[in-house]
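Novice: Letter by letter, the chains look like this.
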Amino acid sequence: MPNEIILETQNLRREFGALVAVDNVSLKVKAGSLHSIIGPNGAGKTTFFNLLSGNIPPTAGRVLLRGKDITSLPLHKTAHLGIGRSFQITNIFPTLTVLENIRLAAQALGKDSFRLFRSYRAFPKYETRAWEVMEQVGLVNEALLPARTLPHGAQRKLELGMILAPDPEILLLDEPTAGMASEQVPELMALIQRIQEAGHKTVMLVEHNMNVVMSVSDTITVMHHGAVLAEGSPAEISANEMVQTAYLGHLYEDTAVTP
Amino acid sequence: MQSTLANRTAEKTSLADWWKANRGLLGLLILLIAFPFLLALSEGQSIGDVLANEAGNAKFMQGLLIEVFILAIYALSYDLILGVTGLLSFGHAMFFAAGAYFTGIAFKNLGWGAGQTLLGLVVVAVVQALLFGVVLPRVKGITFALVTLGLASVFHIVVQSTEMSEWTGADVGLQGVIAPEWLNTNTARFQLYLLTLLATFLVYLIYRRFVDSPTGRVCIAIRENEGRALMLGYNTFLFKLVALVVASLTAVLAGFFHTIHQPIVSPNVASLGWTVSALLIILIGGVGTLSGALVGAAVFRLLEFFLDRWFGNAANFLLGAVYVTIVLFLPYGIVGTWRLRSLDMAKGRARLMKLLGLGKKETGD
Ligand SMILES: Nc1ncnc2c1ncn2[C@@H]1O[C@H](COP(=O)(O)OP(=O)(O)OP(=O)(O)O)[C@@H](O)[C@H]1O
Ligand SMILES: [Mg+2]
Numbered sequence: 000m001p002n003e004i005i006l007e008t009q010n011l012r013r014e015f016g017a018l019v020a021v022d023n024v025s026l027k028v029k030a031g032s033l034h035s036i037i038g039p040n041g042a043g044k045t046t047f048f049n050l051l052s053g054n055i056p057p058t059a060g061r062v063l064l065r066g067k068d069i070t071s072l073p074l075h076k077t078a079h080l081g082i083g084r085s086f087q088i089t090n091i092f093p094t095l096t097v098l099e100n101i102r103l104a105a106q107a108l109g110k111d112s113f114r115l116f117r118s119y120r121a122f123p124k125y126e127t128r129a130w131e132v133m134e135q136v137g138l139v140n141e142a143l144l145p146a147r148t149l150p151h152g153a154q155r156k157l158e159l160g161m162i163l164a165p166d167p168e169i170l171l172l173d174e175p176t177a178g179m180a181s182e183q184v185p186e187l188m189a190l191i192q193r194i195q196e197a198g199h200k201t202v203m204l205v206e207h208n209m210n211v212v213m214s215v216s217d218t219i220t221v222m223h224h225g226a227v228l229a230e231g232s233p234a235e236i237s238a239n240e241m242v243q244t245a246y247l248g249h250l251y252e253d254t255a256v257t258p
Numbered sequence: 000m001q002s003t004l005a006n007r008t009a010e011k012t013s014l015a016d017w018w019k020a021n022r023g024l025l026g027l028l029i030l031l032i033a034f035p036f037l038l039a040l041s042e043g044q045s046i047g048d049v050l051a052n053e054a055g056n057a058k059f060m061q062g063l064l065i066e067v068f069i070l071a072i073y074a075l076s077y078d079l080i081l082g083v084t085g086l087l088s089f090g091h092a093m094f095f096a097a098g099a100y101f102t103g104i105a106f107k108n109l110g111w112g113a114g115q116t117l118l119g120l121v122v123v124a125v126v127q128a129l130l131f132g133v134v135l136p137r138v139k140g141i142t143f144a145l146v147t148l149g150l151a152s153v154f155h156i157v158v159q160s161t162e163m164s165e166w167t168g169a170d171v172g173l174q175g176v177i178a179p180e181w182l183n184t185n186t187a188r189f190q191l192y193l194l195t196l197l198a199t200f201l202v203y204l205i206y207r208r209f210v211d212s213p214t215g216r217v218c219i220a221i222r223e224n225e226g227r228a229l230m231l232g233y234n235t236f237l238f239k240l241v242a243l244v245v246a247s248l249t250a251v252l253a254g255f256f257h258t259i260h261q262p263i264v265s266p267n268v269a270s271l272g273w274t275v276s277a278l279l280i281i282l283i284g285g286v287g288t289l290s291g292a293l294v295g296a297a298v299f300r301l302l303e304f305f306l307d308r309w310f311g312n313a314a315n316f317l318l319g320a321v322y323v324t325i326v327l328f329l330p331y332g333i334v335g336t337w338r339l340r341s342l343d344m345a346k347g348r349a350r351l352m353k354l355l356g357l358g359k360k361e362t363g364d
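In order, the protein sequence lines correspond to chains A and B. Take the first sequence: its position 38, counted from the start at 1, is 37 in numbering that gives the first Met the number 0, and no numbers get skipped. Take the second sequence: its position 70, counted from the start at 1, is 69 in numbering that gives the first Met the number 0, and no numbers get skipped.
The shape of chain A in the complex, shown without the other chains:
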């Protein structure tokens, strides 16, 4: 079923005091699609992701995974449902090596985590998986360095590698290229696209670079003040007058869209 809805939100809402960060968002994500969320700073994109992944509870509304309510599941269960989440602000194990960061990510969904008195070396499959992922994201040479000593761009790759290690079905990527040198961006985006297409994965992407968004997305949802302003294909979004005038026009002048 190519058009199966894998992830859905129904009137999802989150308030911080008087501020409505996510305002009754109802959204459907097709399985195997690359679905981008765009919107100006403070639009509520990260908060929306936090609600999807269970990092914070919603004020109201529901999150459905293949029709099943996952709204109030504890945080550690999300990964076991095949949802991997990367963060806008790099979120890693700083003094552990790159290898160990990714190895731990691979071990998380295995069944060996309560082996107290055997060496981790007795379970080489996770380490092997970590090396595969490091090849994939290009961190093999940094494998034995403590994560905190990596340059920012490499830490972003590590952030992505930690999501990929358990091979999730759904990837929620919050500005994976944030702060990266611009010449590294196409490489990383190409990698994300390759992974999505080869593994038939569903990717939700928050991204500020409009050229990137327009070229990789199947569907784009535009958020503004917590609410959905528009939704459609890249062509529809760039043709949408409301989006153009109210939003794209001012905010992304320097990266203006050429449809």
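One or more hints might be untrue.
Ranges between beta-carbon positions, derived for each pair [what the hints assert, rightly or not]: (1) PHE116(A) to VAL171(B): 39 to 49 Å; (2) LEU24(B) to ILE4(A): 23 to 33 Å; (3) SER160(B) to PHE116(A): 36 to 46 Å; (4) TRP18(B) to GLY66(A): 33 to 43 Å; (5) PHE116(A) to GLY62(B): 25 to 35 Å.
Everything labelled a hint here was simulated from the structure, so no lab data went into it. Being a predicted model, the structure only gives us computed values, none of them experimental. Even glycine gets a Cβ: it sits at the ideal position worked out from N, Cα and C.
Please arrange chain B with the ligands on chain A, whose structure you already have, making use of the hints.
Specialist: Chain B with the ligands in isolation, oriented as in the chain A frame:
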């Protein structure tokens, strides 16, 4: 590509590597076993005198080292929860004291043997770890520290209360415990010395394996970034509980030996001060290093003993000065600082410069 991946993964430790990594430890073990004999010989006693537990400096020094071993086991247990898992508990003394008091009561009031007492201690250890664990999901960081302090304070008050004096000796402490003959510190000092020495090494080796196990690695990840560990799919509560149970089992063992070795179990071992002792020991040795707990315990007890012998009343002041100096100049502790430097040499120049840049003060380079 698969073969290179496999090769990288398969750097399993060979026997030669094991020997290389552990020869220092084995050497230390042999030296410590030989120590009472060497000391006896140097003071004109014979090997037989040591085996017969004859009075003398050799017997006295064994007693002092038994105290070091007990402290080392206790400090290891604190390092597991604070240094490895990142849980700040201010109630750790209770883990030790419950073991010490239970052992005393089992021997004295209940007339139990050592085996039965140790089994009872397992139950005590698990129960108190679960008690600490109950609050884990609700409180974090400093709040956990305060809640555990509260739990331990209640325990401290209870063992000191006059209503309990028949069992705990109230504020005087638990006295008149007769340990089984084969591990009695007066008549079987060398046996107890060997037993506590081997127990220390065994606990240390088990701990080293634990931090290298899939479970221990997750505990380290929790210390580094618990939110991330949760997001990866680890139920971090369960891992913290495991760490608490293992630490509690270890601490009651230290308490068990303490009661056997000391003529009196003072309520001080249930106080915040006793938790601070564990903290000081791992700060001196190096938080999260495990071997730092061993080094720290030796420095802590021997320094206290010799400063007291040489300087009498001024010892406490000097002790404080030494601790402050260590914490200021060796912020990673003795083992931590030493490792940082040896790690530098092993991992190539680029990293050397980076780490030296960070650790200039400690390495002095
Ligand atoms: N924990 C919080 N407490 C209070 N307010 C919050 C919290 N998290 C987010 N907000 C507010 O909610 C609004 C939405 O923030 P959010 O981070 O979701 O925006 P965003 O679209 O991801 O922005 P950016 O593009 O800058 O990443 C902002 O006004 C923010 O200040
Ligand atoms: Mg954001």
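Novice: Next step is simple, just say for each hint if it's right about the structure.
Specialist: Now for the hints, and whether the structure bears them out:
1. PHE116(A) to VAL171(B): 39 to 49 Å: Holds, at about 41 Å.
2. LEU24(B) to ILE4(A): 23 to 33 Å: Distance hint for LEU24(B), ILE4(A) is violated at roughly 59 Å.
3. SER160(B) to PHE116(A): 36 to 46 Å: With a Cβ separation near 40 Å, SER160(B) and PHE116(A) satisfy 36 to 46 Å, so the hint holds.
4. TRP18(B) to GLY66(A): 33 to 43 Å: violated (59 Å)
5. PHE116(A) to GLY62(B): 25 to 35 Å: holds (32 Å)
Hint compliance for this structure: hints 2 and 4 are not met, and every other hint is.
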